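Asker: Each chain, written out:
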Amino acid sequence: MKTRYIVGAILLVGFIILAFTSFSQQKIDYADFAYAKAQGKTFQVKGYWVKENKYTYDPAKNLMSFNMKDTTYAITKVEYQGAPPNNFDMATSVVVKGKFVGDVFKASEILTQCPSKYDANSVEPQKAN
Amino acid sequence: MPENSFFSLFGQGLSKFFGSISNSGNLLIFVMSLVSIAATIAYFLSISKGEKFTQIGRRLFYTLTLLFVATSAFLMSNIFSHNFQYNYVWEYSSRQLSTLLLISSFYAGQEGSFLLWALFLALVGYFLIPYAKKRGYESVVMGIYSLLLLFLVVILIFKNPFALKDGQIAANGRGLNPILENYWIIIHPPVLFIGYAAMSVPYIFAVAALLKRDYHNWINIALPWTVIATGILGLGIMMGGFWAYETLGWGGFWGWDPVENSSLLPWLVAVALIHSMLVQKKTKGLIKTNFILAFTSFLLVLYATFLTRSGVLTDASVHSFGDPGKEVYGILLFLQLFFLALGFVVLIIRMKDIAASKMSFGLSSREFTLSIGSIILLASTIVIFIGTSWPIIAKIFNATQATVDISFYNIWNLPLVVLILVLNNVGLIESWKGQSFAELKSKGNVTWIFLLSQIFFGVLGLVLLLVQVLDMYFVHLFRNIKYFQDFEYIVLLIASFCALVYNIIRFGKVIINTPTKTGAYISHLGIALMMIGVVASCGYSKTQPISLKINESANAFGYTFTYLNRTQIEKELSDREKYEFNIKVTKDNQSEIIKPIIYLHDFNGRSSPYFEPGIERFMAHDLYISPKALMMDNGPSAELAKGQSTVVEHDSNYSIQFLSFDMSHMSDEKMNPNDFAIGAVILLHNKKTNKSDTMNIPASMDMQSGELKPVWTLIDSANSKVEIGFTQFLPSKENIAASKIILSFRRVGEAATEAKEIVHFDVSVKPFINAVWFGVIAIVFGFIVAFFKYFSKRKQLLND
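Respectively, the protein sequence lines represent chains A and B.
Quick note on the numbering used here: the first sequence kicks off at 1 and runs consecutively.
Quick note on the numbering used here: the second sequence kicks off at 130 and runs consecutively.
There's no promise every hint is true.
Partner residues are not named here, just some residues of chain B that face chain A (Cβ under 10 Å, in silico) [claimed, not checked]:
#1 V512
#2 F514
#3 I515
#4 W519
#5 I522
#6 A528
#7 Q530
#8 P674
#9 A770
Bear in mind the hints are in silico, worked out from the structure with no lab data behind them.
Predicted model, so just to flag it, every value in this text is computed and none were measured.
No residue lacks a Cβ here, since even glycine has one placed at the ideal position from N, Cα and C.
Please build the complete structure, drawing on both the sequences and the hints.
Answerer: Below you can see the structure in the form of structure tokens.
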């Protein structure tokens, strides 16, 4: 009886640790542009896209590009392989996932945060990829 | 969260609420709080003092239910009559919304969705009373139930849908986000909330059973509720997926989004609970497991509400200041801790009292297989829980904020699903208490092929799980192998196909004698069918971008796509400009028109278009056309804000800088009265001579459409052969001076490239997506069949 519970508990804890470790290896950390550039790995950067310089979209290459200001106010050119996500114009802030190639941040995913359906004052992520 | 600020907010909220108690909505909520307190007290007193108090409690609860119906009707009537003095009505509805969409305004915001949850809880309670009464459970169950409702009333005091709007009464409300304007919003959230409400019943029966020292019979009482709650919650989740696929244009039905995951977590645990309840029914084992699972499924419902409503998830990615949900954050956190503590404290108190069951699960018994199945479901729950909760976990352990790639969920769950399918097959042929293989074989229940194939897939599932673990330490050793993913997909496909076949065979055998017992087989064949659809439509979907101008064609996947024209729809609504793009799709001389939608809406000031995909459904695949962008093709041109410069196309000796607008000819009488004159003043710079001149590029603007007719102007008439046309005016809403212009260039004598709309689509072929829909429908239908089995059984018992 007791051994069964002990075995069960070990299995459970073991699995949680496994899933946890796997998560910490597959998770993608948040960083600012400077750090992401220095590390050269895939990161997520949150910030605001600089609306004064409109974004551009090149349909032939299916490439979108815009300037983004991170939380340290550093501005970087971001390129995203895909069409601009829905509601990009309305976005109060954006999170881009990707890494630097030269001076350009190549994003594989853009999360725009828009006025939400649940609360007009707060935001809710909108995924595009 | 600093505590003093929380309590001061709490105090402010209370005083604000009581300050305006004369408001009839507030009055209703106030009365509800009193009635729910009274009902809770009366029911708890009835535990020791008997029937008299039970009757009082029951009447109070019925009153409370009625009050919830009245409050909801009151909110609904305010929405219907556009009473914008209420902040909530102003924020989530508008005069333009149709009647059906006005219904959805009820729960489009936090306040209303809490009211809806509470309303469904009250209504579920209405049906629960006679059920619990018949089984001697009314006092304890309804006592806890009333307490739960009391908590929700407290939330409504702080998230009050009847709060008045400051300042003047607005003429119109802000309306709904147009993405949500779809018939699914009428059905999906209410179904989900009914599922959430019903999921509280197993929890409450579990706590009540512990208090009453009834460790076995409660399973029989709570099982039908667990089954129907799981079925309804599953239906709600599935509708969300269908909605996403049909209108959001992501191309998928499930994105492992935190909001989606949070509703899946209680469902998975509830499915595990149903299986372990069945084990206890037959073997008297897994007593404590069932209590814990019943607690967990309800706690995960509260956790889902917490994740989606308290702002923890969004807070993790964006630091929003002055979060409006501080009080609710506190209350929801308290709610989870309270019900967590209640359940486990009662369980610990009774721990010694629960007689240890003397069961030994034989390896070939059905109870063993079901238990392992439940464990696998919990493993999947843990994986999804960790991924979804990372923002909170990171905050607690002060780790860096991060999110996980979607592949994390897929690669962990894939082997788990293979194992679940194998266990499903094995469980089907086994009997309770276990029979040896020889016995089963003599009854014709099993064949060598079946046994060997299941062992084979079981081992493969375990190997894939092991590979996943090894991959972590050897940095994707296996995942870097070519075709490894295809191998995984094929394993899952074949395992699903086997499970589908075996379940259909069993279903066929069972339906002849006992059609009421087919629920389990229907659900399981649904899971197999769904997995076939998931692997085929996600793993083997093909996508290709195409761009079309009017009357142009493009080819993809053997189809020819032709953009014929566009039709404006919903013309009667002035807040939008909505078009169906008629795309003719031809293959083998057969053609269909697919109609993706692009529209502009006042909700975002018409600054960028909204998209809805067009779908053509075939038996074996869907053709999915998702609009991605709508643009103007101006030919050679430049977009300029004031002060910006560009090199002149066709002649790089020149550059121009946009200086200002010229409105001085606006009152010219020669012009068509519907047009007005506008000009762009530019500075022309000749690099060769290093000379600069200002010049005016005139155009006339159509007042109705805003379209420009350029007056093509030759630059530097002596030396160049290039003309500039002012072809587009891009007004800025905030500051007219920040508006931009588009200048186009052409060689003298050359026809200007006519500005043409160009639409960019992603075209996808999704094989066997229908298997997903039929699969999930079968899963849900199985739950309903299973529920009515208990229902008919009860009737029989009553008739006996």
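Asker: Indicate, hint by hint, whether the structure satisfies it.
Answerer: Structure-based check of each hint:
Hint on V512/B holds. Least Cβ distance to chain A is approximately 5 Å, under the 10 Å limit. At its closest, the beta carbon of F514/B sits 9 Å from a beta carbon of chain A; the interface hint therefore holds under the 10 Å criterion. For I515/B, the suggested interface contact is upheld, since its CB lies about 5 Å from the closest CB of chain A, less than 10 Å. Look at W519/B: its Cβ gets to within about 7 Å of chain A, closer than 10 Å, so that hint holds up.
Given hint, I522/B at the interface with chain A, holds; its Cβ is 9 Å from that chain's nearest Cβ, closer than 10 Å. Against a cut-off of 10 Å between C-beta atoms, the interface hint on A528/B holds, since the closest Cβ of chain A lies about 8 Å away. Restraint check, Q530/B versus chain A: the minimum CB separation of about 5 Å is within 10 Å; hint holds. Interface restraint check for P674/B: the shortest CB-CB distance to chain A comes to about 5 Å, inside 10 Å, so the restraint holds.
At its closest, the beta carbon of A770/B sits 8 Å from a beta carbon of chain A; the interface hint therefore holds under the 10 Å criterion.
Checked against the numbered hints given earlier, this structure breaks none of them.
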